[in-house]
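If you count by our numbering, then the sequence shown holds residues 29 to 807, one letter each, in order.
Hints are computed from structural coordinates only; laboratory data are not their basis. You can trust all of the hints, since none of them are fake.
Here are the simulated BS3-like pairs of lysine-lysine, each with C-alpha atoms no more than 27 Å apart in a straight line:
| # | residue 1 | residue 2 |
| --- | --- | --- |
| 1 | Lys288 | Lys234 |
| 2 | Lys229 | Lys272 |
| 3 | Lys272 | Lys314 |
| 4 | Lys130 | Lys175 |
| 5 | Lys272 | Lys288 |
| 6 | Lys272 | Lys234 |
| 7 | Lys288 | Lys229 |
| 8 | Lys139 | Lys175 |
| 9 | Lys288 | Lys314 |
Since this is a predicted model, take the numbers as computed values, not measurements.
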Amino acid sequence: MTLTVAEAVRRSIARDTLLMLAHEAEEAMIVVRNRDRTATVLGDEHALFQLAVDRYLLQADSERDLGAAQVDHNWSFRSNGNADAATILRFCTHMGIHLSSKRDIDGLYRKALAELRPSGEGQPALDRLAEVTTTCRLVRSLRAANKVNEALRLSATLGPDFFYASGAEPRYADIQFELGACLLEAGRPAQVFSALGELQKTYWEKTEAASFSTRHRYGFILAQADWALGRTNEAITRLEAALKHLAEHQVHDTRHDAYKLSLTLSFAELLAASGAHRDRAADLAKTALNIAEQIRGRWGVIARTRTPLSRAFRRVYGDVALLAAELRGATAARLGLQVCLSAKQTGFAGHMRAGEPLLPPRLRGLIAEVLAAEEPASDAPTDADSLSEQREERARMVAGLHDRIQKRVNPMLADMVLPTPTDMGDLLRVIGDRHALDFAGLPDTLSAGTNWFRTFIQPSGDVQFQRFTTGEHFARYFEGRDGHPPWDGRLGEADKDDQPDWLGLAAEILPAELLRRLRDVCSDEEPLELVVSAHQELSLLPWAALVIGRDGTRLIHRAVLTQTPMLTCLSAPHPPAVAGPGLVRLVSDVEDGVWIERESEAWGFTSSPEHTVPLTRCTLDDQAAQAAAHTRVSAMLTDPDEDWRFIHIATHGDGEGLSQYLMLPEETATEGQLSAAHALALRWPESALMASCHVGRLVNIEDAEPLSFVTAVLTGGSRCVVAAIDSVPDQPAGRMAGHLVQLVRTGNIRLDHALRRAQLARVDEDHVVGWALFNAYVR
29 MTLTVAEAVR RSIARDTLLM LAHEAEEAMI VVRNRDRTAT VLGDEHALFQ
79 LAVDRYLLQA DSERDLGAAQ VDHNWSFRSN GNADAATILR FCTHMGIHLS
129 SKRDIDGLYR KALAELRPSG EGQPALDRLA EVTTTCRLVR SLRAANKVNE
179 ALRLSATLGP DFFYASGAEP RYADIQFELG ACLLEAGRPA QVFSALGELQ
229 KTYWEKTEAA SFSTRHRYGF ILAQADWALG RTNEAITRLE AALKHLAEHQ
279 VHDTRHDAYK LSLTLSFAEL LAASGAHRDR AADLAKTALN IAEQIRGRWG
329 VIARTRTPLS RAFRRVYGDV ALLAAELRGA TAARLGLQVC LSAKQTGFAG
379 HMRAGEPLLP PRLRGLIAEV LAAEEPASDA PTDADSLSEQ REERARMVAG
429 LHDRIQKRVN PMLADMVLPT PTDMGDLLRV IGDRHALDFA GLPDTLSAGT
479 NWFRTFIQPS GDVQFQRFTT GEHFARYFEG RDGHPPWDGR LGEADKDDQP
529 DWLGLAAEIL PAELLRRLRD VCSDEEPLEL VVSAHQELSL LPWAALVIGR
579 DGTRLIHRAV LTQTPMLTCL SAPHPPAVAG PGLVRLVSDV EDGVWIERES
629 EAWGFTSSPE HTVPLTRCTL DDQAAQAAAH TRVSAMLTDP DEDWRFIHIA
679 THGDGEGLSQ YLMLPEETAT EGQLSAAHAL ALRWPESALM ASCHVGRLVN
729 IEDAEPLSFV TAVLTGGSRC VVAAIDSVPD QPAGRMAGHL VQLVRTGNIR
779 LDHALRRAQL ARVDEDHVVG WALFNAYVR
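The whole structure should be built from the sequences, with the hints applied where relevant.
This is how it looks when you write it as structure tokens:
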């Protein structure tokens with residue numbers, strides 16, 4: 029990708045529009061969340077936005093409250109309802125979120141203004157501050173709706189006199205930005221200077237406006253015009269001055285945080301597009317990412333993953349990733365990895381809230397505390413000292429809560445629900461002598477489509493970051509082509525000879541340097557260790573099946589392959605060798621029972637296909653198995669007197685997210701199912717083998733970290749989990765699990781290494797469904 033000046037200008041304006049709309053919508057949503065208990069338990073994004081709009085429209089339609097003096101006391105209530113409903117609707121429309129409310133958005137803003145002007149337009153308003161704020165939102169709404177000429181006409185009528193004595197005089201800069209943006213979007217950049225620069229120079233330099241915190245917006249939009257006209261040096265000079273002014277006069281509120289993010293990232297893109305100052309561009313992009321992290325923390329965006337700002341930030345992160353890929357170099361590569369990790373690091377608390385009824389009581393309380401700790405204050409102070417004190421107090425509260433979760437449950441859950449920015453040095457040390465691949469699919473502010481990014485990390489600490497374009501093989505596998513359905517989810521239905529193009533997929537997905545190393549440096553006897561953190565569709569790919577050579581060599585031939593929900597989940601260089609004691613439960617006494625004969629034989633049980641193995645304590649040597657102290661897995665994994673190091677469960681599994689489950693008839697309190705939600709509260713052994721369909725299906729969706737049974741087991745203490753990512757026929761699954769048990773009982777082998785050996789034993793004889801759908805997950 030080569031970043032052109034024209035694209036950079038369009039992206040800069042589009043991102044600023046997005047951030048301002050998101051900020052205003054976020055403010056409106058906070059009020060609903062603080063007032064309405066229903067809003068705190070809704071996990072569905074669409075339902076949450078619809079609830080907020082419905083509440084505001086109900087407020088807007090409230091009747092006149094006439095007192096004894098026949099004075100209406102509800103005008104402000106109705107005006108705010110109209111304006112806030114319009115603000116959320118405009119944001120949702122801008123983002124392609126379709127709500128059932130059919131109101132005219134700009135009409136709602138005009139109704140809000142009419143409530144403020146009972147004597148008619150042009151007459152004094154009952155609330156001048158609200159009049160200015162609502163008018164600014166109306167202008168931006170018109171431009172966001174592509175009503176550029178209408179927005180231009182309205183903004184052109186709003187001079188300094190309109191803002192005088194309103195308490196919102198600095199917002200004049202926002203109107204000037206909108207006027208300039210309209211001209212730029214209309215393809216008339218030269219007119220920006222006559223409309224703003226020449227006429228308003230005296231106002232911004234010779235009056236009290238020179239010290240307004242928003243003066244930078246005036247310089248910012250003039251720089252955009254210079255930029256569009258090819259006057260790069262002039263644009264750089266203006267942006268330098270704008271950034272300096274904002275630093276000197278910034279008001280400490282979230283709107284100014286959004287201003288700073290918009291200005292800083294645009295400056296970085298200008299420098300990159302100009303082809304000069306690339307190191308400075310990388311530094312500015314890193315600063316922009318830091319600002320975004322601060323805003324996320326201040327607004328509690330991490331705990332609430334489906335909010336206006338979280339939506340906007342996904343696109344902002346996509347912009348930063350595009351810029352990092354454009355800049356190249358070591359600094360830019362680390363920045364690219366950092367932003368992709370941040371984009372995927374959304375926090376589990378909001379998703380757990382949606383599944384709160386499924387959670388054990390002790391987790392419900394902790395999750396409620398997390399959400400409360402990150403709840404943004406509706407009356408945040410604007411002076412620097414008070415704001416600093418508030419932030420420090422909140423940081424202490426969150427740190428204390430993190431410590432309690434770490435001690436009461438486990439460290440990984442604490443990091444999941446209260447994530448912090450990744451320390452790149454710590455991450456590279458944990459990766460150690462392994463190779464690592466991180467994938468992220470992100471939108472950007474010019475497109476809601478997916479841009480794919482990959483990071484390749486080598487044991488030397490070298491980081492390579494690239495944007496890559498998926499091709500025909502990717503499309504055939506995940507989308508389907510020529511009347512054929514996608515391969516994803518139907519591998520088991522296909523014949524052995526009717527398979528995806530695994531070689532073509534590998535060429536599209538894997539970086540060239542990794543393919544070179546796999547082909548030229550590694551061998552079956554000396555494989556490299558590769559940990560993969562996938563994203564979106566790639567989370568469901570059977571990576572072991574990828575073919576890396578025209579001779580049919582598969583990825584599993586040359587790599588010990590492990591998956592991780594997120595690279596930030598990694599806590600140690602390698603999982604340990606499997607050790608005992610082991611806890612075994614093999615279920616066949618359920619409907620359409622599981623075939624457990626090979627697993628039973630591997631443990632030394634006398635069995636038949638119909639036999640079930642109750643919860644049993646097994647060693648990895650030849651000692652006789654013993655009955656476990658409890659009949660339920662959940663009881664054994666909460667018993668403080670037990671210290672399990674390996675667990676093997678064979679049964680049916682299904683479901684998604686917190687509802688994903690293993691079918692265990694003895695778990696009568698939960699209707700014969702052990703769900704991911706309950707698994708989060710258990711202490712899992714360091715090695716776990718799950719011979720069950722679907723429970724390895726770690727769905728890493730677009731806007732959330734993967735929350736599943738495997739994540740719960742890793743969160744609960746396991747260092748390595750082997751499980752299937754899809755439906756696997758009983759007999760192949762039983763043979764694979766039995767082989768794994770035989771390998772670990774020979775002693776001193778890691779579970780991921782055992783999986784590779786078992787897969788290699790079948791790679792040439794079995795359908796890929798029989799071996800490639802098993803993954804080893806590590807943390």
